[in-house]
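One-letter residues, chain by chain:
Number of protein chains: 2
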Amino acid sequence: MIKLYYATHTCALASHIALEEAAAEYETVRISFANEEQRKPEYLAINPKGRVPAMVTDKGILTETPAMLAFIAQSFPQAKLAPLDDPFLFAEVQAFNSYLCSTVHVAHAHRMRGHRWVDDPAAIAEMKRKVPESVGACFDLIERKMLRGPWVMGDIYTICDPYLFTLAQWMEGDGVDPSRFPKVSDHRSRMSERATVRKAIAEESA
Amino acid sequence: MIKLYYATHTCALASHIALEEAAAEYETVRISFANEEQRKPEYLAINPKGRVPAMVTDKGILTETPAMLAFIAQSFPQAKLAPLDDPFLFAEVQAFNSYLCSTVHVAHAHRMRGHRWVDDPAAIAEMKRKVPESVGACFDLIERKMLRGPWVMGDIYTICDPYLFTLAQWMEGDGVDPSRFPKVSDHRSRMSERATVRKAIAEESA
Numbered sequence: 000m001i002k003l004y005y006a007t008h009t010c011a012l013a014s015h016i017a018l019e020e021a022a023a024e025y026e027t028v029r030i031s032f033a034n035e036e037q038r039k040p041e042y043l044a045i046n047p048k049g050r051v052p053a054m055v056t057d058k059g060i061l062t063e064t065p066a067m068l069a070f071i072a073q074s075f076p077q078a079k080l081a082p083l084d085d086p087f088l089f090a091e092v093q094a095f096n097s098y099l100c101s102t103v104h105v106a107h108a109h110r111m112r113g114h115r116w117v118d119d120p121a122a123i124a125e126m127k128r129k130v131p132e133s134v135g136a137c138f139d140l141i142e143r144k145m146l147r148g149p150w151v152m153g154d155i156y157t158i159c160d161p162y163l164f165t166l167a168q169w170m171e172g173d174g175v176d177p178s179r180f181p182k183v184s185d186h187r188s189r190m191s192e193r194a195t196v197r198k199a200i201a202e203e204s205a
Numbered sequence: 000m001i002k003l004y005y006a007t008h009t010c011a012l013a014s015h016i017a018l019e020e021a022a023a024e025y026e027t028v029r030i031s032f033a034n035e036e037q038r039k040p041e042y043l044a045i046n047p048k049g050r051v052p053a054m055v056t057d058k059g060i061l062t063e064t065p066a067m068l069a070f071i072a073q074s075f076p077q078a079k080l081a082p083l084d085d086p087f088l089f090a091e092v093q094a095f096n097s098y099l100c101s102t103v104h105v106a107h108a109h110r111m112r113g114h115r116w117v118d119d120p121a122a123i124a125e126m127k128r129k130v131p132e133s134v135g136a137c138f139d140l141i142e143r144k145m146l147r148g149p150w151v152m153g154d155i156y157t158i159c160d161p162y163l164f165t166l167a168q169w170m171e172g173d174g175v176d177p178s179r180f181p182k183v184s185d186h187r188s189r190m191s192e193r194a195t196v197r198k199a200i201a202e203e204s205a
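Going line by line, the protein sequences match chains A and B. By numbering that gives the first Met the number 0, the letter at position 148 of the first sequence is numbered 147, and the numbering carries on one by one without gaps. By numbering that gives the first Met the number 0, the letter at position 166 of the second sequence is numbered 165, and the numbering carries on one by one without gaps.
It cannot be assumed that every hint is accurate.
Intra- or inter-copy, both count: the list cannot distinguish identical chains.
As the list claims (entries may be wrong) - Derived pair list, reagent style PhoX-like, types lysine-lysine, alpha-carbon separation capped at 25 Å:
{"hint": "1", "residue 1": "144", "residue 2": "129"}
{"hint": "2", "residue 1": "39", "residue 2": "127"}
{"hint": "3", "residue 1": "58", "residue 2": "144"}
{"hint": "4", "residue 1": "129", "residue 2": "79"}
{"hint": "5", "residue 1": "58", "residue 2": "79"}
{"hint": "6", "residue 1": "144", "residue 2": "198"}
{"hint": "7", "residue 1": "79", "residue 2": "39"}
{"hint": "8", "residue 1": "48", "residue 2": "182"}
{"hint": "9", "residue 1": "127", "residue 2": "58"}
{"hint": "10", "residue 1": "39", "residue 2": "144"}
{"hint": "11", "residue 1": "48", "residue 2": "2"}
{"hint": "12", "residue 1": "198", "residue 2": "127"}
{"hint": "13", "residue 1": "58", "residue 2": "39"}
{"hint": "14", "residue 1": "144", "residue 2": "2"}
{"hint": "15", "residue 1": "129", "residue 2": "198"}
{"hint": "16", "residue 1": "144", "residue 2": "48"}
{"hint": "17", "residue 1": "2", "residue 2": "129"}
{"hint": "18", "residue 1": "79", "residue 2": "198"}
{"hint": "19", "residue 1": "198", "residue 2": "48"}
Hints are computed from structural coordinates only; laboratory data are not their basis.
Whole structure, please, built from the sequences with the hints as guidance.
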């Protein structure tokens with residue numbers, strides 16, 4: 000059975016929702032960032048990066064949200080979470096998720112995880128100051144050029160949707176006004192009504 | 000025919016090498032960062048992110064290196080550039096490439112592209128100062144935990160290999176001593192002997 004290691008309010012929620020959408024048999028294990036469990040030897044044996052998410056499968060351990068989402072889509076093809084038979088459409092899905100991972104999430108991370116890239120406290124404060132602008136620019140591009148609607152890829156619901164929803168949840172905390180982005184906001188509210196999303200959030204909030 | 004937009008000394012080299020490995024029919028278009036061509040309307044019509052690489056295919060335009068590499072592997076299956084028939088092994092390939100994209104490349108980008116995340120010149124200087132440490136920590140993890148050898152995934156050559164090679168080329172510029180990482184250095188020297196790699200580099204250097 001799949002075991003998903005997650006922490007609350009992290010990008011692990013995307014894979015959690017995708018497992019629900021896939022009707023996968025899985026269990027979750029919560030890692031406490033407050034207790035720094037992600038840096039303890041027990042967890043580093045699972046994920047030496049000391050980050051979440053990590054997913055233990057029958058074949059081994061996976062990390063990195065875009066890879067985990069693609070794995071879920073390919074392992075549960077009946078759930079139709081990606082256009083698996085068309086390399087171009089599948090690549091479009093992956094390109095969207097890669098942008099979320101390497102640009103949107105990274106812009107956001109400069110608010111809370113600036114120590115990854117700088118030591119000086121004044122420089123960390125300067126990083127935090129620009130987060131509303133840099134994260135806002137990402138959502139502006141998503142709104143204008145990437146989100147086709149009603150779902151990210153248009154009429155088909157894919158593994159892009161839980162991932163966008165997860166990162167869009169961070170907008171207010173990042174000082175970005177969601178009302179600037181009506182398509183993203185509409186996507187977010189439709190996502191939050193899905194039973195799969197409610198179930199994943201309820202479990203993580205319990 | 001595939002058209003690859005690249006700039007010299009960028010991660011576009013990974014896709015360029017992969018196209019060579021796939022024996023794909025393709026052409027390349029060089030974008031000059033010195034002339035800021037990536038921000039001109041002609042290029043923004045191709046890639047609104049204003050970044051390289053971008054790849055024009057018969058079906059549309061793709062961006063994001065991990066997605067482009069997976070597309071090349073899936074579009075030219077006879078080149079056997081990824082374990083396409085095994086969702087777990089394919090996810091391992093993708094997880095490695097996602098780490099390069101979202102963590103290694105991002106750590107490196109704090110040397111030259113700090114303005115993405117901060118405005119203050121002193122903070123940009125502080126970012127540059129930590130790059131040898133943060134990039135070095137990434138290669139330390141790759142050396143100890145990720146690179147199986149002789150290729151990234153072990154005995155099979157995959158789309159992970161040109162991508163690792165491309166980012167490892169930046170180590171000296173980032174102030175990281177390659178001799179700390181014998182497996183990565185061995186991988187790099189074996190990669191640089193491949194005819195496909197020589198051809199791609201020669202074309203970009205011409």
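> What label fits residue 58 with residue 39 when the C-alpha limit is 25 Å: within, between, both, or neither?
Replying inline: within (24 Å within a copy, 47 Å between copies)
> When no copy is named, should residue 198 and residue 127 be tagged within, between, both, or neither for a Cα gap of at most 25 Å?
Replying inline: Answer is neither: 32 Å inside a copy and 43 Å across each miss the 25 Å cutoff.
> Quick one: residue 39 to residue 127, C-alpha cut-off 25 Å, is that within a copy, between copies, both, or neither?
Replying inline: Intra 28 Å, inter 29 Å, cutoff 25 Å: neither.
>> Regarding residue 144 and residue 2, is the shortest C-alpha distance of 25 Å or less found within a copy, between copies, in both, or in neither?
In response: between (35 Å within a copy, 21 Å between copies)
>> For residue 127 and residue 58, with the copy left unspecified, which applies at a CA distance of at most 25 Å: within, between, both, or neither?
In response: neither (40 Å within a copy, 40 Å between copies)
>> One pair to classify: residue 144 and residue 129, alpha carbons no more than 25 Å apart. Within, between, both, or neither?
In response: within (23 Å within a copy, 34 Å between copies)
>> Treating 25 Å as the Cα threshold, decide for residue 2 and residue 129: within, between, both or neither.
In response: neither (36 Å within a copy, 35 Å between copies)
> Within a copy, between copies, both or neither: where do residue 79 and residue 39 come within 25 Å Cα-Cα?
Replying inline: So residue 79 and residue 39 fail the 25 Å test inside a copy (37 Å) and across (38 Å) alike.
> Is the C-alpha distance from residue 129 to residue 79 at most 25 Å within one copy, between copies, in both cases, or in neither?
Replying inline: neither (38 Å within a copy, 43 Å between copies)
> Are the CA atoms of residue 48 and residue 2 at most 25 Å apart within a copy, between copies, both, or neither?
Replying inline: within (18 Å within a copy, 36 Å between copies)
>> With identical chains, the pair residue 144 and residue 48 could be close in the same copy or across copies; at 25 Å between alpha carbons, which is it: within, between, both, or neither?
In response: Between copies, since 10 Å is at most 25 Å while 33 Å is not.
> Checking residue 79 and residue 198: alpha-carbon separation at most 25 Å within a copy, between copies, both or neither?
Replying inline: Within one copy only: 20 Å inside a chain, 40 Å across chains, cut-off 25 Å.
In summary, the numbered hints that this structure violates are 2, 4, 6, 7, 9, 12, 15, 17, 19.
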